[in-house]
Amino acid sequence: MSQTAIHVENLGKQYRLGQQVGNYRTLRETLSGRFGAKKAPEEQKALLPESIWALEDVSFDVEQGSVLGVVGRNGAGKSTLLKILSRVTEPTKGLVEVYGRVGSLLEVGTGFHPELTGRENIFLNGAILGMKKTEIEAKFDEIVSFAEVETFIDTPVKRYSSGMYLRLAFAVAAHLEPEILVVDEVLAVGDAEFQRKCLGKMSDVAKEGRTVLFVSHNMSAILRLTQETLVIDKGHLLLRAPTVEAVDFYLSRGLTQEGQRLWQPDEIPAQAAPFKPVAVRLLDKQDHVMEAARCSEPFYLEVEYQLHKAIKGLRVGIYILTSQGEFVFTSFDTDDPEKFEEYSQRTAGTYKSRVEIPPYLLNGGRYVVGVNASSYRIKTYFHDEQALAFNMDVTGAPGTQWPENRLGPVRPKLTWQITQTNGGGE
Amino acid sequence: MVSGKQSVEERSVTRTEARKIIIRPTSGWAALNLRDLWVYRELVYFMTWRDLKVRYKQTALGAAWAILQPFLTMVVFSIFFGNLAGVPSDGVPYPIFSYTALIPWTLFSKALQDASRSLVNSSHMITKVYFPRMILPLASVLAGIVDFLIAFVVLLAMMAFYHVVPTANIWTIPLFLILALITATGVSLWLSALNVLYRDINYVLPFLTQFWMYITPIAYPSSMVPEKWRLLYAVNPMTGVVEGFRWALLGSGEAPGMMTLVSTLVAIVLLVSGMFYFKRMERLFADMV
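Line by line, the protein sequences give chains H and D. Going by our numbering, the residue at position 110 of the first sequence is 110; the numbering climbs one at a time, nothing skipped. Going by our numbering, the residue at position 38 of the second sequence is 38; the numbering climbs one at a time, nothing skipped.
Because the hints were derived from the structure by calculation, they are not lab data. Misleading hints may appear alongside valid ones.
[Said to hold, decoys possible] Derived pair list, reagent style PhoX-like, types lysine-lysine, alpha-carbon separation capped at 25 Å:
#: 1; chain 1: H; residue 1: K132; chain 2: D; residue 2: K20
#: 2; chain 1: D; residue 1: K53; chain 2: H; residue 2: K132
#: 3; chain 1: H; residue 1: K207; chain 2: H; residue 2: K276
#: 4; chain 1: D; residue 1: K57; chain 2: H; residue 2: K158
#: 5; chain 1: D; residue 1: K20; chain 2: H; residue 2: K207
#: 6; chain 1: D; residue 1: K53; chain 2: H; residue 2: K133
#: 7; chain 1: H; residue 1: K133; chain 2: D; residue 2: K228
#: 8; chain 1: H; residue 1: K139; chain 2: D; residue 2: K53
#: 9; chain 1: H; residue 1: K133; chain 2: D; residue 2: K20
#: 10; chain 1: H; residue 1: K93; chain 2: D; residue 2: K53
[Stated by the list, open to error] Counterexamples of contact, computed for chain H against chain D with all Cβ distances above 10 Å:
#: 11; residue: S66
#: 12; residue: G100
#: 13; residue: H113
#: 14; residue: F123
#: 15; residue: L124
#: 16; residue: S145
#: 17; residue: D284
#: 18; residue: Y351
Even glycine gets a Cβ: it sits at the ideal position worked out from N, Cα and C.
Extracted from the complex, chain H is given alone in its bound form (with noise of 0.2 Å):
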């Protein structure tokens, strides 16, 4: 017999379109909003803001010391789930019942102040986020210890590095002690070593009983952390099961939209403008849109977008993940220096950029392309880790005599040499 731990019955938010980035009012519009019943018919129109459901209709129960794992496409709600979840924003309609104290990991590292040193944010972070000072004090040691820190804990965190910032962050985060956990992607940052301390750190939590809603795109932690998971995709619940089943049907839903992905406007994020992603597709050599690519023979990967402003030093790239979750390579249209020089900067207008996939490269089964538009340590514009997802058809791959399944995501055709060095075998 569990108890419950989050109840949440028929949730719904609403947004204005705009308004969920950060469009502030002038006092001007609101007044003109207000006395507008004087204005023309169509400017009045322009007025009247059109709102979008970011959630709508979300029923689901989790059971005390579960973990559940929350997946979904950019833009379908799971950040909005959390917000509410952690009583940021709050909810246009429905209920939610929570049991206990919610700790919320939207963001490592909020309230971070630059100028101040790692033992002065180390308490600054924890009473955001909830902790009580005596708390506080009592786990200092443990969260300097685990972030690897303790010969620069009286250094203004500006000097730190990146990698030691993410891991004091992290650390205070992780050693908050609610009953409840809200984790919305704060292991897409930081190294691979890194990522492993935090994973650890999560399972213990789970083994300590504690209730766990956890947000990623990363399928292989979604797959070792959760034992059930949510989807969600344009603000509805589509699914809850097993884990397993629910990254099998996240994977193979929705993404493969015949070898092409088309981002609807409600899917592009505002930050990302100037850049606006059109579509990207699997094409093969006669540019046919092709739902499955073969082992043997190259295939493209094209990525449309358009750019409303020119943007200096933008990279449009690729991401191949299995369907695991776990990256196979990644790759920019500008890794050639000469590219690199040539679009320096791009002037606005409608790009492709396209990439031909070489053939003996990937292995046969399912692959994720993920898609990434960034300047680098300027801004990234847009990133879907889930874009697209095909199918490898080992068909004439080296080895196929044997029907088996070659471990590892590639399968080079390798030169083979096979002496004998016993001199002849007499």
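Start from chain H and add chain D according to the hints.
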């Protein structure tokens, strides 16, 4: 907390400590939920401490700013109003007369300046973590107390220099300081909430502060205001504060009376209405900031 769910009735013992939080849409005027503010009282302390620490680390002159601003204003006032214009100062040396008023005034105007931007400046926190939002403007106001104390020590030094002996009523200074803080918090709550919704506040504020300074008896004594207008004049709570400071320290001006009462009532109205307005707008902050 008692749970209404049938399935957990028997075993709710293990969860005696778990608070049940209900999240649902609210609309209109909401309850203030001061208990929540109390639960997070340590955060008020940490945010105030952060504001101070960062300011003193980032500025070259650090604590000197706390003194320079009212002090230089006092110098200018003394030259132009005290000497050249011959504004009366109730028999007290004009520098002391104006500086006594400038200390609580600086506390007030600085609080408005910092607090009105506090929510917008902390937008990254507001969109990521829950805590009572009121803490942000509150911490900005409270951080001003340290500056106030430093400037106050300078006042005592100046009084010694001019051989002005504080009156026996000096013990009432904390009360007038509290009146100044209530006023500052009330106005700050209004301004900070409005600033999230309408960024015009950034442009309104300098004008508002300047205007407010003219209607407060800083450069001139309130005795210049005709008797019959005094109560209306005291509707500005900072009038009550400044008059109180002068009375308690210098023995000039009027003893606390009807004017102080009017100022106090207005200050309380500002605070309570500010809290309710803030609470009403709070639900929009995360989506609009």
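Results for each hint:
The straight-line distance between the Cα atoms of K132(H) and K20(D) is roughly 19 Å, inside the 25 Å bound, and the hint therefore holds. At roughly 20 Å between alpha-carbon atoms, K53(D) and K132(H) fall within 25 Å of each other, so this suggested pair holds. Proximity of K207(H) to K276(H) is assessed by CA-CA distance (about 43 Å); at most 25 Å being required, the pair is judged violated. Distance check on the hinted pair: K57(D) and K158(H) sit about 13 Å apart at the alpha-carbon level, within 25 Å; holds.
With a C-alpha separation of about 23 Å, the suggested pairing of K20(D) with K207(H) holds against the 25 Å cut-off. Taking the CA atoms of K53(D) and K133(H), the gap is about 18 Å. The hint holds against a cut of 25 Å. Between K133(H) and K228(D) the alpha-carbon distance is near 54 Å, which puts this suggested pair outside the 25 Å criterion. A distance of roughly 23 Å separates the Cα atoms of K139(H) and K53(D); the hinted pair therefore holds under the 25 Å criterion.
With a C-alpha separation of about 23 Å, the suggested pairing of K133(H) with K20(D) holds against the 25 Å cut-off. Distance check on the hinted pair: K93(H) and K53(D) sit about 42 Å apart at the alpha-carbon level, beyond 25 Å; violated. A cut-off of 10 Å between C-beta atoms confirms that S66(H) is not in contact with chain D; the least separation is 15 Å. A cut-off of 10 Å between C-beta atoms contradicts the statement that G100(H) is not in contact with chain D; the least separation is 4 Å.
For H113(H), the non-interface assignment is contradicted: its Cβ lies about 6 Å from the closest Cβ of chain D, within the 10 Å cut-off. Listed as a non-interface residue, F123(H) fails to keep its Cβ farther than 10 Å from every Cβ of chain D; the least gap is roughly 6 Å. The claim that L124(H) lies off the interface is violated: its Cβ sits roughly 5 Å from the closest Cβ of chain D, which falls inside the 10 Å cut-off. With a closest Cβ-Cβ approach of about 23 Å to chain D, S145(H) is found to remain outside the 10 Å limit, as its non-interface label requires.
Once the 10 Å rule is applied to beta carbons, D284(H) is consistent with being away from chain D; the minimum gap is 44 Å. The claim that Y351(H) is not at the interface with chain D holds, since no C-beta of that chain comes within 10 Å of its own (minimum 32 Å).
This entry does not satisfy hints 3, 7, 10, 12, 13, 14, 15, going by the numbered hints stated previously.
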